[in-house]
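Enquirer: With the hints as a guide, dock the two chains, each given alone in a separate frame, to form the complex.
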Amino acid sequence: MKTYTICVFTENSIGLLNKITIIFTRRRLNIESLTVSETERKGVSRFTIVIKHEQREAVEKLVRQIRKVVEVLAVFGYLNDDIVYNEIALFKLPTPLDSKPLDMETINREHKAYIVYWDLDYVVLQKTGTEEEIFEFFKYVKPHGILEFVRSGRVAVSKTPKGLVEYLPDEVEWEYYL
Amino acid sequence: MAIAEELLEKEVSTQTPETFITGSKALMECLLAESVDTIFGYPGGAIMPVYDALYDYMDRINHILVRHEQGASHAAEGYARSSGRVGVCMATSGPGATNLVTGIADAIIDCTPMVAITGQVASNLLGTDAFQETDVIGITAPVCKWNYQITRADEIPEIMAKAFYIAMAGKPGPVLIDITKDAQIGMMTKPFEYKKIDKLPGYHPRIKPKAEQVQKAAELINSAKKPYILVGHGVLISEAMEEFRALVEKADIPVASTLLGLSAISIEHPNYMGWLGMHGMYAPNVMTDQCDVLIAIGMRFDDRVTGDATLFAKQAKIVHIEVDPAEIDKIKKAEAPVVGDAKEALKMLLPLIEKRDFTAWKKEFRDLEPAEHAAVNERDFAGEGKIKMAEVVRMVSDKTKGEACVVVDVGQHQMISARYYDFKKPHSYIASGGLGTMGFAIPAAFGAKMGAPEREVVAFIGDGCFQMTIQELGTIAQSGVAVKMIILNNNFLGMVRQWQQLFFDRRYSFVELQNPDFITISKGFGIPGHTCDDRASLSESIDTLLNSEGSYVLEVIVEKEENVFPMVPAGRSVSEIRLK
Ligand SMILES: Cc1ncc(C[n+]2csc(CCOP(=O)(O)OP(=O)(O)O)c2C)c(N)n1
Numbered sequence: 001m002k003t004y005t006i007c008v009f010t011e012n013s014i015g016l017l018n019k020i021t022i023i024f025t026r027r028r029l030n031i032e033s034l035t036v037s038e039t040e041r042k043g044v045s046r047f048t049i050v051i052k053h054e055q056r057e058a059v060e061k062l063v064r065q066i067r068k069v070v071e072v073l074a075v076f077g078y079l080n081d082d083i084v085y086n087e088i089a090l091f092k093l094p095t096p097l098d099s100k101p102l103d104m105e106t107i108n109r110e111h112k113a114y115i116v117y118w119d120l121d122y123v124v125l126q127k128t129g130t131e132e133e134i135f136e137f138f139k140y141v142k143p144h145g146i147l148e149f150v151r152s153g154r155v156a157v158s159k160t161p162k163g164l165v166e167y168l169p170d171e172v173e174w175e176y177y178l
Numbered sequence: 001m002a003i004a005e006e007l008l009e010k011e012v013s014t015q016t017p018e019t020f021i022t023g024s025k026a027l028m029e030c031l032l033a034e035s036v037d038t039i040f041g042y043p044g045g046a047i048m049p050v051y052d053a054l055y056d057y058m059d060r061i062n063h064i065l066v067r068h069e070q071g072a073s074h075a076a077e078g079y080a081r082s083s084g085r086v087g088v089c090m091a092t093s094g095p096g097a098t099n100l101v102t103g104i105a106d107a108i109i110d111c112t113p114m115v116a117i118t119g120q121v122a123s124n125l126l127g128t129d130a131f132q133e134t135d136v137i138g139i140t141a142p143v144c145k146w147n148y149q150i151t152r153a154d155e156i157p158e159i160m161a162k163a164f165y166i167a168m169a170g171k172p173g174p175v176l177i178d179i180t181k182d183a184q185i186g187m188m189t190k191p192f193e194y195k196k197i198d199k200l201p202g203y204h205p206r207i208k209p210k211a212e213q214v215q216k217a218a219e220l221i222n223s224a225k226k227p228y229i230l231v232g233h234g235v236l237i238s239e240a241m242e243e244f245r246a247l248v249e250k251a252d253i254p255v256a257s258t259l260l261g262l263s264a265i266s267i268e269h270p271n272y273m274g275w276l277g278m279h280g281m282y283a284p285n286v287m288t289d290q291c292d293v294l295i296a297i298g299m300r301f302d303d304r305v306t307g308d309a310t311l312f313a314k315q316a317k318i319v320h321i322e323v324d325p326a327e328i329d330k331i332k333k334a335e336a337p338v339v340g341d342a343k344e345a346l347k348m349l350l351p352l353i354e355k356r357d358f359t360a361w362k363k364e365f366r367d368l369e370p371a372e373h374a375a376v377n378e379r380d381f382a383g384e385g386k387i388k389m390a391e392v393v394r395m396v397s398d399k400t401k402g403e404a405c406v407v408v409d410v411g412q413h414q415m416i417s418a419r420y421y422d423f424k425k426p427h428s429y430i431a432s433g434g435l436g437t438m439g440f441a442i443p444a445a446f447g448a449k450m451g452a453p454e455r456e457v458v459a460f461i462g463d464g465c466f467q468m469t470i471q472e473l474g475t476i477a478q479s480g481v482a483v484k485m486i487i488l489n490n491n492f493l494g495m496v497r498q499w500q501q502l503f504f505d506r507r508y509s510f511v512e513l514q515n516p517d518f519i520t521i522s523k524g525f526g527i528p529g530h531t532c533d534d535r536a537s538l539s540e541s542i543d544t545l546l547n548s549e550g551s552y553v554l555e556v557i558v559e560k561e562e563n564v565f566p567m568v569p570a571g572r573s574v575s576e577i578r579l580k
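As you go down the protein sequences, you meet chains A and B in turn. Its first residue numbered 1, the first sequence is counted upward by one per residue in the working numbering. Its first residue numbered 1, the second sequence is counted upward by one per residue in the working numbering.
Every clue listed holds true.
Using C-beta positions, here's what the derived DEER-type ranges look like:
#1 335/B x 140/A: 51 to 57 Å
#2 249/B x 30/A: 48 to 54 Å
#3 329/B x 140/A: 43 to 49 Å
#4 249/B x 157/A: 50 to 56 Å
#5 61/B x 157/A: 47 to 53 Å
#6 157/A x 329/B: 24 to 30 Å
#7 560/B x 33/A: 55 to 61 Å
#8 56/A x 576/B: 29 to 35 Å
#9 40/A x 269/B: 53 to 59 Å
#10 18/A x 292/B: 43 to 49 Å
#11 507/B x 26/A: 28 to 34 Å
#12 26/A x 373/B: 41 to 47 Å
#13 144/A x 335/B: 58 to 64 Å
Don't read these hints as lab results, they were simulated from the structure. Keep in mind it's a predicted model, so treat the numbers as computed, not measured. All residues carry an ideal CB built from backbone N, CA and C; glycine is no exception.
In isolation and in its complexed conformation, chain B is listed as follows (with noise of 0.2 Å):
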């Protein structure tokens, strides 16, 4: 600590310069620079210094104090997500470093602008196993899209404006900055000054595509009898909803999105078909193979999307726009890759594309809904028994009109969230896809809320995921924004009882849940709530739920023992999918 004591004397010395600020006001006048708003975070030694300069930014930083540093990492990604902007968390050394790491992790995979900055031990005591040293540096390499550690006030502001630029460039991710105690404290030796960046020698994605890139795949697009679009969070992502619509409309090609591409088209546009992967619907699953040219626009052929990708659209010639030169050819071989940012190659492709007249086609495709609509939705919407997840997702569609931003968990209630909900605005469904991070929603709802505030969010959750993360009630409470949560309580860890029913025998191993009180417990964090059992009473519930002023829980009692469906089982070939 001899370092750190000396550099405080320092500071309090009259020597310095007035135009030199220490390590950590530098850090608060980087954020400006960003225009960050908001920082999700939670305090401890390491980043204490941090937290003393953040005390005089209060009225242009907005800091939310989570429960969990979880919470703050999912928080950040749930801003992101809804505003388009880079989400900021912040937490201390050790315990509050590796408590980020899951939603580290989480943006990483489904392509989140992340910036999260950690509190680290005095540079003299790296590696000399201190208190709370961890190192943070080592463990989110692999989860980073970049990160680093500074050791001096003096780097502070180039390393921001890097981390900054790399967060949201290209492909968006998480990087981590670290900050040693000392540099956090220290002096810098010179005047702040902050200039933002655009390109690094080593990073600098291609936005603007190859124009033979692009004039190849409108010629394979051109020469297509049966096209098919699958559009993905890329399109969400590089803001391209406009260039895409209008693309589809030109060339009259049906589309299908991924369970990320959600929100990127209206579900009213004619042209669209639903979704597609594991749980998704039942034509635009098996018409991948049917179709002679697929058209993947800002998505990666998750195995959750392809199940067994060697099957995969086997007949058809694959066009793929992408930013990640990485993703192409990674899991299916593209005759015709465009490397750039989605907007920018739309915008190239359009006028190359021919004006054509697909009705034919597109029939086949809503041919094909009313087999799906008998065997499955009949079956959600029979009114019989237990209320239905299905009942709940269709009725909140019905009554926000579409126009929410819906925010869910992990498991079934997922799946029928974006099977029933009718999604006709943009960044409306958020989602931990990649990842599948239970204890996702109550933070990134919150979070989503923080990004856009004008927007209605309703999250839909577990009663196992809402056990997850359950503490940040406390901060939506105290925030005193209004986030509307409800728990779809099937008393089981559904998504796997699932499983476990239909691929090992019913032997259900560890998955019944002895649930709490939920909205006993929503009441002592001062969200209130309550609790619904019978369908006589759900739309009254959930007009409660959707006219509260402040945040409410909405707690349904649904089936215990229900299937999503369709289905295709894992690493089949979705020609295999099942209805029932």
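Next up, chain A with everything else stripped away, as it sits in the complex (with noise of 0.2 Å):
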């Protein structure tokens, strides 16, 4: 199984995440990770969508599907080399009077999270990485006990000089937030 991060450029509409979910349903592909928010380009969003598969050309005929929906306007798929990428989670953990304190230098200094909220009975952690960097972190608190924790979608950027958007069709003046 290898990781593949699909990149869906789209005009914003109400249902679209619907019309794209479903062409993964039907055929039994599971997501993994799904983030959906607007670009540098007002009116074009951007899903990253992360799947698990044993086939290549299964995913270029998937990215070819997603191609088909009529407010989708370029759609790319990346193996992990391909892309700059991260996930960020939170972790809330608790600290009765009598717990063992956190060791914060390492936590900062090794698993690189950071303390962004406090109150008198817990902390809550962000964490910013990979999925696999996340996990190890993970790992690490387990044993102090963890209230709650959250995983967001995974966020990319391609590894290409020119920003992806330069390859949306130009028949539309779009207009630039920068």
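Expert: Structural data, given as structure tokens:
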């Protein structure tokens, strides 16, 4: 199984998430993670979808099916080597009075995780990194007990010199934020 | 409803500039701008403002009141398939919309251009489980080329222009536009203006193929020693019949068609070898194992064509001419893909193709015919026992000189019609291919007649299928157009019975029908008809049907347990084709 990151650029319209996900469900493909946000161009949304698959060919076919959705402007499929990517995770850990103090030195220096909020009897740590790095950190803090753990979907940019939106169809005058 | 009432009041008040019109009227103007002359529909609460606007457009837009919305969507398909134009159907929200779904699903898989318009509850009621509220956008998303919900009258011109463009462009398909009641009633806030469009940021199919791709395809074709062309529906859709024939003649390549590719080339053409697929002909099927270059034009290697796709034409290099890039390599890897419209591709290809003579290679196909004739045709035309479906189809073919527009339903009669009707004119075999929708024929035949009034439309329908959309006899009777319907009555769900006989040990599980008196029913709807039960009167019966001025139903009692051969068992290699 290889991990593929599929970047889908779309017009920003209602119902599009459904139109894209049904392409996966119909082929019984499990979406590992999914992130949607607006891009540097106004009115253009970017879906970052991570899937695992054994056959590159099947992923290529999938990409072509996604392209068929009318509101989809462009689709790119990547292997991990082609992209810079990250995820973000939040850990809520208990800090009762009698508990062993957290080793913030290791947490900061080795795991590059930080406290983003604290209250009387818990702290919230934020960790940014790859899935593996987050998992490593998860193992590290597990002995403390974890009240809540949440991890975002992947966000990724390609290792190409040009911005990906440059490859979008140029028939339309897209308004830039920048 | 408050918003709607408020808007209604606005409409009658004098403040609105004269040039501004309601959403419903705007919709009518859009249909006129797209030269829509026929709509198949059924009214109801959430679409009433549109029907009210339609009242003033009756002289320009012919609305056909169907008897069930499934009939509307199939009729729109029939219209589109016979005319090459977008078929339009319309229904109310909730059950009206869900009843359209079968026809929409049928249209997407057979690439039929359709615009379906549905009413929806007022936008302030969306998501409240209001009366007859259904999430049609959600329901139809998987079976539409595009769908969209309009909630403001101002959106109507732009969205309808998009809808008609998307339905027709590239690979055609169905588009559903759901219009909330307040958008129908509401006034536009600007003057109505309709601009047709010919591209969209996210949708701009490649029509003219890349020259390199055509070049590579030409080289492969020119190098072939045993080339073989499979022609599909795409050639008919892009009206590329002339270009196609020119290529076939110049390169002298044998041709077989897919089921929906039937009538893309005349059956009389010396290079035409028949059609292939599960119940297709013997030589066209087995020769896929012999060719060295397979040229697939406007077809998609459906499993009913390939059987086991991994074994299909595995020795051959494939040239695949196709407008939808997602079809390239989907089932069969193509050495030379050509993405583009069939007509454009063939135009570019023709000058690059060398003139060849494949007399000997073509003879290899013809040499296989006697075996098939002996095993299949001779049985079908032995003239013993009950009438066979084949005899009826052949006789109708002869009497209509192979020039009728043949519409069929789904089952044994569909395959027998494909096998024994001698198609001489294009757009002459209208069938539900990809979805295999029983109940397609009565409404689709009616739609086909509306789309091509100058043509004689003859429908072959099974006794099971006839009962699925029998209510549309009422629509046909009311419209006054002439649709010639032939029920091939074997008292069974024949095709399923055949599978049960061959693959389930003759365990006939719920396939026998107690049929009604079809002719009494037809007469009840106002359509004359009669039953033919013996061979001696078959010819006269068919004459009566064909000569009747209006619509007619001819029921022919046929052999009950007849099987359709050849047959490639599902999922097997075409080399395992059975002749009996
Ligand atoms: C809506 C629908 N339901 C079920 C089927 C499965 N099916 C395919 S052919 C067939 C039998 C059709 O019987 P009939 O209309 O009598 O035609 P025959 O095969 O006897 O010519 C059935 C049930 C289908 N294709 N469509």
